[in-house]
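Spelled out, the chains give:
Protein chains: 2
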Amino acid sequence: MKDWTSLMSIRSSSSHASRGHTCGELCSSHVDEEVTLCGWIQYLRQDLFVILRDFSGLVQILIPQDESKSELKNAFLGLTVESVIMVKGRVRCRPEGQENKKMSTGEIEVCAESMEVLNTCRKLPFEIKEFVKKSEALRMQYRYLDLRSPRMQYNLRLRSQMVMKMREYLCNLHRFVDVETPTLFKRTPGGAKEFVVPSGDPGKFYSLPQSPQQFKQLLMVAGIDRYFQLARCYRDEGSKPDRQPEFTQVDIEISFVDQAGVMSLIEGLVHYSWPEDKGQINVPFPSMTYEEAIRDYGVDKPDTRFGMKLVDVTTAFQESQIEFIKDALLKPSGCIQAICVPEGTVRTESGDSHSYVPTPQLNLQRSQCSLISKQINLFKQLFLMAQANAGDLIFITAGPRENVVCRPLLGKLRLQCVELLESYGVPVRDPSVFHFLWVVDFPLFLPKEDNPEMLEAAHHPFTAPVPEDAHLLYTQPRKVRGQHYDLVLNGCEVGGGSIRIHNASQQLYVLDTILKEDPSLLSHLLEALDSGAPPHGGIALGLDRLVSIIVGAPSIRDIIAFPKSFRGHDLMSRAPDFVSEEDLKPYHISVVWPSADIEGQQDNSV
Amino acid sequence: MKDWTSLMSIRSSSSHASRGHTCGELCSSHVDEEVTLCGWIQYLRQDLFVILRDFSGLVQILIPQDESKSELKNAFLGLTVESVIMVKGRVRCRPEGQENKKMSTGEIEVCAESMEVLNTCRKLPFEIKEFVKKSEALRMQYRYLDLRSPRMQYNLRLRSQMVMKMREYLCNLHRFVDVETPTLFKRTPGGAKEFVVPSGDPGKFYSLPQSPQQFKQLLMVAGIDRYFQLARCYRDEGSKPDRQPEFTQVDIEISFVDQAGVMSLIEGLVHYSWPEDKGQINVPFPSMTYEEAIRDYGVDKPDTRFGMKLVDVTTAFQESQIEFIKDALLKPSGCIQAICVPEGTVRTESGDSHSYVPTPQLNLQRSQCSLISKQINLFKQLFLMAQANAGDLIFITAGPRENVVCRPLLGKLRLQCVELLESYGVPVRDPSVFHFLWVVDFPLFLPKEDNPEMLEAAHHPFTAPVPEDAHLLYTQPRKVRGQHYDLVLNGCEVGGGSIRIHNASQQLYVLDTILKEDPSLLSHLLEALDSGAPPHGGIALGLDRLVSIIVGAPSIRDIIAFPKSFRGHDLMSRAPDFVSEEDLKPYHISVVWPSADIEGQQDNSV
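Heads up: the sequence lines are chains A and B, in that order. Numbered by UniProt numbering, the letters in the first sequence go through residues 1 to 606 in order. Numbered by UniProt numbering, the letters in the second sequence go through residues 1 to 606 in order.
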């Protein structure tokens, strides 16, 4: 249980309200003061005390015991847990020896003089204090009770505070303009994950955009110069874990800026809005190229809180007769990669060394992975190269250097090993440490997964090439690096942005010639670029993800007030819900029920 | 053209950017400084000067004329209007006599030393400076150019500043928590104006809510205590003028508060966030009951910037033989109401007295309205009661006192008269004056228009009754006043709120017994009220409307970056747009084309 009150002053928390003080703010300096408190009954103790709770904490109320106040006493004793009351009383020091050091208000108590029951709590599917033991489904169904827990109060209040600091930084310190952009928009090319919203025009739909990308660029063309918005974004991904159909990004765009300018702006933003109780963070953040990240960590968002980097151990295996290694090295640019898990073979209390080996959970695909700890004498050179000690565990993969499997596989193994080690109680990563990292110099295009002859935008089609690679657009587009930058925190991508193409003909070339997309869908953007578009770039930070990492929440659902379930359902109100055909008529749509759908398909196949 | 820079310091506007200064900030204190500017070509003058523009204003750039710099000169002369350039140069005083007092940078100019063309403007459907003369459709289609106009820059930047001040007031000064609530929600009972969003579950739809009403109340039950949000709201109203399918409200809810508490909070909020260049406003705002408003102004949102109040002149007509008056007074509670338009019969330069009479534009319905200025001798008493002078114009209506037509008709006439007078150049309302007003003590229920035996909620079913009227809920619900308050600015409703029902059984009684609505649709809210809901209340301010009145914009479209047209279309991107049947499949819907629809109706009728 965290004490979020340390984050903020609670002066003014009682302005315009019936209460005069909050429960949690009372201390020995209030002794002898007459106070009015409003809050919830946490529990009754020994018919003597009521523990009253509000957002700021708990305070002990002394129930009067003398005969003359028996009516008041009975009123207190009739209270149910979580009922809401207003108490007037006088603050006094607790009798010597009865102080509670664990409670922030533990030096005092309030002698009740009058009490009014504001509301009675009748239904309660679980106790508030034992909350975390309840199933997530129950927490979601009674979200308004779940949010009463100190942890959820802390999470939502910290989020609010951080967002406010971000706004101060952008709006007051750097003169950004907060502009709201529409969420009822047009379907973007390839926007398969966009929710549609039927309009009153037959057959025409709005689309809920995945980001305000087009609008932020149009605002630059409009001379808004420095734009930001806490933007609600939408993505229909069905039931992906820890994704939400609606989420929030800190959306930023700036004119007359280069990559270094955006990066230092964001470093300042994160530094300024960083919660005080989470320690200091250092700026500038370290930076790594995409190539370095893949080479050393097998992933484009490395968790740099621990080592176990990938090592190229090809030379150690030049003479090897092991079949899969020989095969790999015969192919052009074949290589052998390794990671070394320190003390990876040491037994823990709960099992033998084999417990650590997560291989069965992985799809090995075209590369292969092998536990070779028992062949240690054969690989002295390998051990030297991997800087391994006795008891360490080494994983190797073999395959072509450019192979998208060989290094990423070790990258995944590296993360699974550390999770496994930590689940056995071996501390690897310090949970109080925050490692920010920029990853830069991404390729601008990647081969399409289903058709490697074709290219697709590595991030989005508006990213500008690195200036020294720009000429390669027209000759070797696969070699072009983009002016794209990702912000990584503890191995999670928490932001991504780029310098954008501001030249209409270059944008048209990318869309039309390289990506083979229909440029007419973006004709308004192309026209805008031809109307005096300034050079510009920006970034979007995933606010939900960022805050969840900062508070150490296991899921982004823990920092969203009313999240949807895995399947996109609101378990409290039971959304989505059926709508009558009558109500759908104005939108010129009707439901195609699955059975009817199958019949339709049969008709087609006949 | 307003000078928005007076609103804010422009320090920090160039942090993290290529430019060193903004155009508009340069003045004589910068003389001899080397500056780097980025901006748009406003125009070229006499082959000698370029006027450069950025968001902060204009500055004159001197094109070098000596032979040695002919290349630079030619580069300048080749520039098209609205192209984007970066200029380095030295600031100097303009030669004596050449200062431009109308220009904030008119004392200086910048001698260009180098220039880089950042982007060329090729297409330009209209000149930026003459913008207001273009049709609204053209402005919407090229919104990114429209936004370059000084007025739109002012509007969007002022909106951003005001919102930031509101956040400071709520979050920093009064410890409100900024909580985001879902926009993919469940259809609310009677939510006919809610957009639907098909989900992946066949037949099930999300709904885009008209306000976060349920969530804000649930947050109170959750102990969040003081909630606010700049909430995006949705309303499908087809093509109502000056309504937008998505709009923003400043959404506030607070626990342990009464009506006076919410009202003083909002007064403080408006006062704190009020733009400096709009003069002082006084708090507290005056307050008026619903009954007084209807009685004196014939409307529940009176424009109190001018008089011409309604007067009850029944006694003057007791003996009248005029047919429609006699008829009206014979009926129970029949009355005669009047307004007096000062100098309403005085000729203006553009026409005779009859020009003022807007009667033909009104639907008189069951009451009647008559121009009686020519019968002045017959109505001496009327003139006394209406405090009329020679040359004034008096309108009267006759009908029952409770009649929803009799007074509202005069209320409309009052507004039409003032608009007509102003269109003739007679100043009645000072455009720089802002009259805030609270309207309180609304009836809690109103008879349904289509079935007056039934009641509907005057605002929404969650409003609590005025405490002294609460017992009437169960006996004479039509007499119950609600704890509802509307905030009116210059005759427009800019906010509305209420103290809510926090007692589950009272809420059930209102929904079920009085309003005859299905309470099962709100079972989660009723359950929440039974789980320790604190007393609470709140308000929502219509941000778009509020800002548009403050900046004097003729439409809310002028303070929204990318508004929709009357018909809900985005004319720039052409949203909404067609979506293929293939893309609709995952949502189990298909389009019902109007022709098929008509056939279907015919089938039904057969």
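The hints are simulated quantities; they were obtained by calculation from the structure and are not laboratory data. There's no promise every hint is true.
Note that identical chains are pooled: a pair holds if it fits in a single copy or bridges any two copies.
[To be verified] Computed cross-link-like contacts, DSSO-like style, restricted to lysine-lysine with a CA-CA straight-line distance of at most 30 Å:
| # | residue 1 | residue 2 |
| --- | --- | --- |
| 1 | 278 | 165 |
| 2 | 301 | 331 |
| 3 | 326 | 88 |
| 4 | 448 | 585 |
| 5 | 516 | 585 |
| 6 | 326 | 165 |
| 7 | 585 | 165 |
| 8 | 123 | 516 |
| 9 | 73 | 479 |
Hints numbered earlier in the text: which of these fail when held up against the supplied structure?
3, 6, 7, 9
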